[in-house]
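**Student:** Each chain, letter by letter, is given below.
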Amino acid sequence: MTGEHAFQKYRITKESFRLLVDSLMGELRVVGPVSEGGQIFFHEISSAEELQMNYPSTMEPPSKTFFYRPQEELLIFERGKNISVKEIPPLEEKILALGVHPCDMHAILYLDKVFHEDPYYMARRDNTILVALNCTEVSEHCFCSSVGTGPHLKVEAGYDMLLTDVGEFYLAEPKTERGAALTQGVRPARVDELLLKDEEEKQLLKDIQKQIDVKGLDACFLENIGHPVWARTSDERCLSCGNCVMVCPTCFCHDVVDETEMSLKTTRRLRRWDTCQDLHFAGVHGGNFRRTRAARLRQFVTHKLDYTPQFGATGTVGCGRCIRWCPTAIDLTEMAKEIQRSPLK
Amino acid sequence: MNNLLTPVKAAILDIKDETPDVRTYTIGADAEKFKNFQPGQFNMVGAPGVGEAPISLSSLVEDGGSFQHTIRSVGRVTQYLEKFKRGDEIFIRGPYGRPWPIEAARGGDLLLVGGGLGLAPLRPVVHAVLKERKSFGGVTLAYGARDPLNIICGDEFSHWQESIQILLTVDEVPKGTEWAHATGLVTELLDETKIKPAEATAFICGPEIMMRFVARRLLLEGISPARLYVSLERRMKCGIGQCGHCQHGSAFVCKDGPVFLYREISRFPDGLL
Numbered sequence: 011m012t013g014e015h016a017f018q019k020y021r022i023t024k025e026s027f028r029l030l031v032d033s034l035m036g037e038l039r040v041v042g043p044v045s046e047g048g049q050i051f052f053h054e055i056s057s058a059e060e061l062q063m064n065y066p067s068t069m070e071p072p073s074k075t076f077f078y079r080p081q082e083e084l085l086i087f088e089r090g091k092n093i094s095v096k097e098i099p100p101l102e103e104k105i106l107a108l109g110v111h112p113c114d115m116h117a118i119l120y121l122d123k124v125f126h127e128d129p130y131y132m133a134r135r136d137n138t139i140l141v142a143l144n145c146t147e148v149s150e151h152c153f154c155s156s157v158g159t160g161p162h163l164k165v166e167a168g169y170d171m172l173l174t175d176v177g178e179f180y181l182a183e184p185k186t187e188r189g190a191a192l193t194q195g196v197r198p199a200r201v202d203e204l205l206l207k208d209e210e211e212k213q214l215l216k217d218i219q220k221q222i223d224v225k226g227l228d229a230c231f232l233e234n235i236g237h238p239v240w241a242r243t244s245d246e247r248c249l250s251c252g253n254c255v256m257v258c259p260t261c262f263c264h265d266v267v268d269e270t271e272m273s274l275k276t277t278r279r280l281r282r283w284d285t286c287q288d289l290h291f292a293g294v295h296g297g298n299f300r301r302t303r304a305a306r307l308r309q310f311v312t313h314k315l316d317y318t319p320q321f322g323a324t325g326t327v328g329c330g331r332c333i334r335w336c337p338t339a340i341d342l343t344e345m346a347k348e349i350q351r352s353p354l355k
Numbered sequence: 002m003n004n005l006l007t008p009v010k011a012a013i014l015d016i017k018d019e020t021p022d023v024r025t026y027t028i029g030a031d032a033e034k035f036k037n038f039q040p041g042q043f044n045m046v047g048a049p050g051v052g053e054a055p056i057s058l059s060s061l062v063e064d065g066g067s068f069q070h071t072i073r074s075v076g077r078v079t080q081y082l083e084k085f086k087r088g089d090e091i092f093i094r095g096p097y098g099r100p101w102p103i104e105a106a107r108g109g110d111l112l113l114v115g116g117g118l119g120l121a122p123l124r125p126v127v128h129a130v131l132k133e134r135k136s137f138g139g140v141t142l143a144y145g146a147r148d149p150l151n152i153i154c155g156d157e158f159s160h161w162q163e164s165i166q167i168l169l170t171v172d173e174v175p176k177g178t179e180w181a182h183a184t185g186l187v188t189e190l191l192d193e194t195k196i197k198p199a200e201a202t203a204f205i206c207g208p209e210i211m212m213r214f215v216a217r218r219l220l221l222e223g224i225s226p227a228r229l230y231v232s233l234e235r236r237m238k239c240g241i242g243q244c245g246h247c248q249h250g251s252a253f254v255c256k257d258g259p260v261f262l263y264r265e266i267s268r269f270p271d272g273l274l
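Order-wise, the sequence lines are chains A and B.
Letter by letter, the first sequence follows residues 11 to 355 in the numbering used here.
Letter by letter, the second sequence follows residues 2 to 274 in the numbering used here.
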């Protein structure tokens, strides 16, 4: 990162934070966690009063809400005398994204590695001021501490400001000039106030129930391709519904599809989320490399807990969404643990 | 930042029928873009409204910039392409992927093993060898097809045979068809090669089950795992390591392959190697 230097850390009261957010409404679209029908979503807000900053987790991960959208228009082919192809320019929309949890921030950093050459993803990334928020509670599905992604955010780059809720106020740690601009007029935090953050983290770490040892899983999975846990779990429980993939903050697979208008004059080429749980995902002429449900389930689980060689990062960020939203409560950490406990000889 | 999925227009300069369902298209496109197209690499080839499919380079790039794709008409995209005529325009993007390591094979013996349409990506390797025949040692091409009707590039074999050893086999010979060569598995052809696998480099392309048996046999005969290469086929939508369809183990076949050392991928699940 260019111009990287240590920024001051600030103390910002929750009231000042709300005033700050409200003051930015005019110049930016502000998007943050809001409650709707008992669920939390990242939605655009018109007042800071709507924010539910103290939230457990969202169903749709912010990496996908903000940057890797379910569908992206890439190209338009126009048929006249000849066919011409036009690129669809990325939208240059300024957004302030508030309250992204540490695991979800890591997922964004993961998708950065996948889409760093994609103009649509990168335009959104560049135009979004990201304010991360350390967690204040953990759920039964969280296993971030096992994969080094939470419950407090330790990376220093890739976002603009980090907030930690320490009760009466937020500790605000700008990481970029854009982030620092949000802290104008608030006072730097005192040493004793900074220490409150460590206390919060210690408490949270105690609360995390789910653990997994990912060390050596790459090799372990390769030696256990035929482990009974794959077939048993898929036969008994997996519906191949793809929920795990849809809610996963790092799942990047997509289809590229052409949609032609009824007039046949234009064809739009789109990118649309796809799932490795779909039967045809790995099909080629004369065969399908993952015809069995067990193979497809294994593909998801190993891609999350293994395959670090792909991008130099584990595929999972420990958010637990795939467990939380699986209709039959399949738990990838339990499957891995079963293999670790009783590997094939 | 460029949209990496934007294809360019290309002209079909010529079409040659290889078999009842395989045709070789000579393509003329932006010469600058495709001048470094290497044997083993591929293009995403398609048409608006139909989509794209990964198709390997089946010739060397000519001085004028044209090159060839040999395509079997079996899927949505390729069946649509079958309707195209000389002079029609298609849309392509590339070149993508890791090529055959022809440079590394120079100076030694080279064993090429193809099955079915798998000869297409090996054909430019043969052409490269013929261009500089003296810089390679012994070269054998072992090729197997379903039956004599499904042999591709058949009209070139007699020319190739002047410079390299050609071994042919088919699975079956329909009644009334003449066939002067072997019938049976490609692995059986390897008995006849003059090349000693222990000293050779091998490039294999064909159905995965065929590559499995050829590779295992060559390893048993002492080929160095560092010189045993295969080319894989997978479903692809982007060609640039983003869409995830071609993932094989931790590899993206589109950008880490399609040419791999056999040992890099033979342990991965969901393949036949």
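Check before you lean on any hint, since a few could be wrong.
[Unchecked claim] Now the stretches of chain A that chain B is said to cover, found in silico as 3 or more residues with beta-carbon under 8 Å:
(1) 28-42
(2) 123-132
(3) 136-142
(4) 261-268
(5) 278-290
(6) 299-308
It is worth saying that the hints were derived from the structure and are not from the lab.
The beta carbon of each residue, even a glycine, is placed where N, CA and C say it ideally should be.
**Student:** Next step is simple, just say for each hint if it's right about the structure.
**Tutor:** Comparing the hints with the structure gives:
Restraint check on the region 28-42 of chain A versus chain B: 0 residues with Cβ-Cβ distances below 8 Å, three needed, restraint violated. Check result for the region 123-132 of chain A against chain B: holds, 6 residues qualifying (beta carbon to beta carbon below 8 Å, three or more required). Counting residues of the region 136-142 of chain A whose CB lies closer than 8 Å to any CB of chain B gives 0, so the stated coverage by that chain is violated, three being the minimum. For the region 261-268 of chain A, the stated coverage by chain B is satisfied: 7 residues place a CB nearer than 8 Å to a CB of that chain, which reaches the threshold of 3.
Under the rule that three or more residues need a Cβ within less than 8 Å of chain B, the assignment of the region 278-290 of chain A holds, with 4 such residues. Counting residues of the region 299-308 of chain A whose CB lies closer than 8 Å to any CB of chain B gives 4, which reaches the minimum of 3, so the coverage claim holds.
Of the numbered hints listed earlier, those contradicted by the structure are 1 and 3.
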